[in-house]
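Next come the chains, spelled out residue by residue.
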Amino acid sequence: MPADDPVRKLALAALDADAQARDLMTPSDAAARISFSDLYRYVMDPDFELPPAALARLATDPAAAADLERLIAARSFAHMPRQAAAATTGHVRRETDAAVLTLTPSRATPSQIYLVIELSDPDAAPPQQLFTRAAGGAWTRIQLPKFVNARTQVLLEAGGDAAVALADPETEVYLL
Amino acid sequence: MATAIENLNLEEGKSEALRAVLAGIAESTAADGGARYSEKVCRELSRIVVCRAYAKPLLELSHLIIAAGGRDGHYENIFWGVDRASAGEFRNAFQALDGARPDIRIAAGGVLHDDGSDGFQISYNRMPLLAALLEFMIMTVGYPEVDAVTGALRRGEPTPDEVLDTARALQRELYAYLKDHLPPVQRQRREHHFLNYVDAHAGNRNGAEAINDGVVLGYWQAYADTDEVDAKTFRAVYDTARRLIGALDAASDRLSGAHARSIGTDIEAGEVDPADVEAVIAALDADTGPLERLLETCGEQVKFVNVGEAETLSELPLGDGTARRIPVSVLRNAVFGAVQLRLTTALRRGGAPDVDIPGGRDGYYTAKLDAYANLIGVTEKLALAAIWPLFEARRAEAVDLALALAPDIDWGQLARKPPDAEGAENVVSMGRAGALQQFFRIEPDARGDEIQALLAEARRSWRGVNRAGFRDGDSEDALDVMADAVPDVLRLIASVRRTLDRDLRLHDWPQHEAADARDFAEMFGKLYDLIGEEKRHAR
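Residue numbers (this note's numbering), protein chains in the order written: chain W, 1 to 176; chain G, 1 to 539.
It is worth saying that the hints were derived from the structure and are not from the lab.
Using N, Cα and C, we set each Cβ at its ideal position, and we do this for glycine too.
Mixed in with the good hints there might be a few duds.
[Stated by the list, open to error] DMTMM-like, lysine to aspartate or glutamate: derived pairs with alpha carbons at most 25 angstroms apart: (1) G:K179 / G:D165; (2) W:K9 / G:D253; (3) W:K9 / G:E228; (4) G:K303 / G:E228; (5) G:K56 / W:D16; (6) W:K9 / G:D501; (7) G:K40 / W:D16; (8) G:K381 / G:E300; (9) G:K179 / W:D23; (10) G:K56 / G:E157; (11) G:K232 / G:E191; (12) W:K9 / G:D199; (13) G:K40 / G:D285; (14) W:K9 / G:D165; (15) G:K232 / W:D23; (16) G:K232 / G:D354; (17) G:K179 / W:D16; (18) G:K40 / W:D23; (19) G:K381 / G:D501.
[Claimed, not checked] The following label-pair restraints were derived from C-beta to C-beta distances: (20) W:P62 / G:R471: 55 to 61 angstroms; (21) W:R22 / G:D501: 30 to 36 angstroms; (22) W:R22 / G:G464: 40 to 46 angstroms; (23) G:A17 / W:R82: 28 to 34 angstroms.
Put together the whole structure using the sequences plus the hints.
Dropping the structure here:
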């Protein structure tokens, strides 16, 4: 069988490629990327939680973070970009045409903080989730209670990830 | 100047990102925690990537994105709205979109894009792979980029040229990514080396015909004790020969068929078409034998074949042309391959090997063939037993089994309406449903007609079996699994019988036994420093 026999060449090329395909499917030390399927579920299904390890990976994977941001941005009810300056009184207010978000420390329990969202259009289909993206790339998600008269309120732990992120003027906020 | 090892490390480093993407896709989960993409789909995806055979799938994907976009262009809702990427889930998802676009028709077998030309159809079976490919594109090229490239498809009604342009743009994006992340394919030294040896000893034979038993044994004898190539075990050489037989047969089939060639491949100049490479690997994957399929269908629920039996039957190559081309090597591997494995295991553990090496008059090959025949006889008895619960549950698979296991019975009686049947003046033919009804009305009776006797035999066999899936108290699920496994178990029985009767029985085995006992004892002695009586009985 001559070396340039087409059957021989094709068979050997197939076996070489097959070995590489199998090798690529073999687990290695490199951590698996977060799949787009999981990002989609994270955005669309409030009951689906990304495991902490996946959330940590997301913060260090700019490509996945860009995909997530695009997914959220394309479907968001409102986008509240970075603010020009930090709040000085502990009160935070972010406003867009569609909604106003305020963060107010609880007088009765200083370790807690009220997040209030009011919608401009009382007939609009209300958002169900709030996503924050901190300057460092970390994402948090809050499931929003049902809106009543275009208003909803959530009690947050003052030192929790979500409250800290919302208080940071560098954080971007999406209502979805 | 970089050394070869440094270059190799660099190449491996390049592929780590790609490996992480494929692992991410393989590990993505459905709501129940199971895999979103089947192993088969992940394997097909890696094959397409490695062979760079993505031109056609990306064209299909471009058409599918139009269909999935529905009215608002949110194609993601179909691709990721389905929980598990399966043909059934895509069928349901698309049926819910029926009427969303005038240029998309939802048919029973798939989705048709009426693009103003001949139309383009994508079957539901193809969609899991295309979904995985889209996920791969997004995870490598980026979601914003894929969204932008496919944007024009989702606005208005694109022409065939516009769809083709989009597919080509996706190809360019993927090409650029793989240029940086997919290292060149490494030559598999073992196969190339073996085939060179085959060339030198093949005479005027070509392709897989050139690989015969003499070549396999000769190669092992020539290279087992050298550092030139890793060929110390006969089993490794046999596996190499088997892979090559499969690949050469598949390559020959592919090249003898009429296929559209990929654009840009210069076949005249000796280039190999990536689509051909992908097709040959696909054919090798499809060669999964009937034993593997039966075990996959049955799982732990129905033991048509138990672990020990599966281990023995797996010695027979049932899915490809190996038994036809190198029949003696099949038994050499089963007998002496196993002996060598026991020898090397014993030596690795540091003890003196306590392994019997068959002698020339031991009749070991014929005994092995008898063992296979007896074993498949057991499977046949279990298949006979399975008729009974399926018959009792009035499952049509009972008839499939009965027809296959007792083909000589006069089954025509089930297809004829009896003369005394109501309204029948003469004997007339009945349809399948009528024949089934007649079958399920039959009373088992060992002294009755042939069908009654067969059912009585099935009931007797059923009562004599004590295996998972073959007990009266087993679950309804087990009966479903048993019914699903009927085609697989019949294929296994037919395949083993055919391999034994057509490929393996018709040889002068006593002569091979005498020669092989001597040759293998000599080789083992040389390889493992066995001397004298130790060659016969390594102790």
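Structure-based check of all given hints:
no., hint, result
1, G:K179 / G:D165, "21 angstroms, holds"
2, W:K9 / G:D253, "14 angstroms, holds"
3, W:K9 / G:E228, "22 angstroms, holds"
4, G:K303 / G:E228, "44 angstroms, violated"
5, G:K56 / W:D16, "22 angstroms, holds"
6, W:K9 / G:D501, "34 angstroms, violated"
7, G:K40 / W:D16, "19 angstroms, holds"
8, G:K381 / G:E300, "19 angstroms, holds"
9, G:K179 / W:D23, "18 angstroms, holds"
10, G:K56 / G:E157, "21 angstroms, holds"
11, G:K232 / G:E191, "15 angstroms, holds"
12, W:K9 / G:D199, "13 angstroms, holds"
13, G:K40 / G:D285, "9 angstroms, holds"
14, W:K9 / G:D165, "32 angstroms, violated"
15, G:K232 / W:D23, "23 angstroms, holds"
16, G:K232 / G:D354, "20 angstroms, holds"
17, G:K179 / W:D16, "18 angstroms, holds"
18, G:K40 / W:D23, "15 angstroms, holds"
19, G:K381 / G:D501, "19 angstroms, holds"
20, W:P62 / G:R471: 55 to 61 angstroms, "57 angstroms, holds"
21, W:R22 / G:D501: 30 to 36 angstroms, "34 angstroms, holds"
22, W:R22 / G:G464: 40 to 46 angstroms, "43 angstroms, holds"
23, G:A17 / W:R82: 28 to 34 angstroms, "30 angstroms, holds"
In the structure shown, a violation is registered for the earlier hints numbered 4, 6 and 14, in ascending order.
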